[in-house]
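Each residue of the sequence shown is one higher than the one before, counting from 6 in this note's numbering.
FRET-style restraints, in silico, Cβ to Cβ: (1) E33 / L54: 31 to 37 Å; (2) R90 / E33: 47 to 53 Å; (3) Q75 / T34: 26 to 32 Å.
Treat the hints as calculated values from the structure; they're not laboratory data.
All of these numbers come straight from a predicted model, not from anything done at the bench.
All C-beta atoms in this analysis are idealised placements derived from N, C-alpha and C, irrespective of residue type, glycine included.
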Amino acid sequence: MIRTVRLAPVLGLALLACRPEQTQPPVETPPTDAAATKSAAEIIAASDLPPLLSTPLPGDDMAVTVHRLQNGMTVYISTDRQKPRFTAWLTVRSGSRNDPADSTGLAHYLE
6 MIRTVRLAPV
16 LGLALLACRP
26 EQTQPPVETP
36 PTDAAATKSA
46 AEIIAASDLP
56 PLLSTPLPGD
66 DMAVTVHRLQ
76 NGMTVYISTD
86 RQKPRFTAWL
96 TVRSGSRNDP
106 ADSTGLAHYL
116 E
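Input sequences plus hints: build the corresponding full structure.
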């Protein structure tokens, strides 16, 4: 029993000496591709967005106007002054029809 007690610290030190060296993980730098450096105006200009309408089309019973915010969001406004309420809908172009040809399946991230 005495030999076992005396050998335990020696074995513990031997195991510590044999452990693998601990190193810091390499620091990853973020990619700096051209897509990441585009301005919002460049992205909006290259996007397939509906045209803007500052005045309603003739014969449009709902009198819809189309506007665009600075972040690229398209806003449709239809005013009905006879009803004192506000309604908003949010439409996201997320179907597989809108997926890029080289990256199918992106629509499922928004489900």
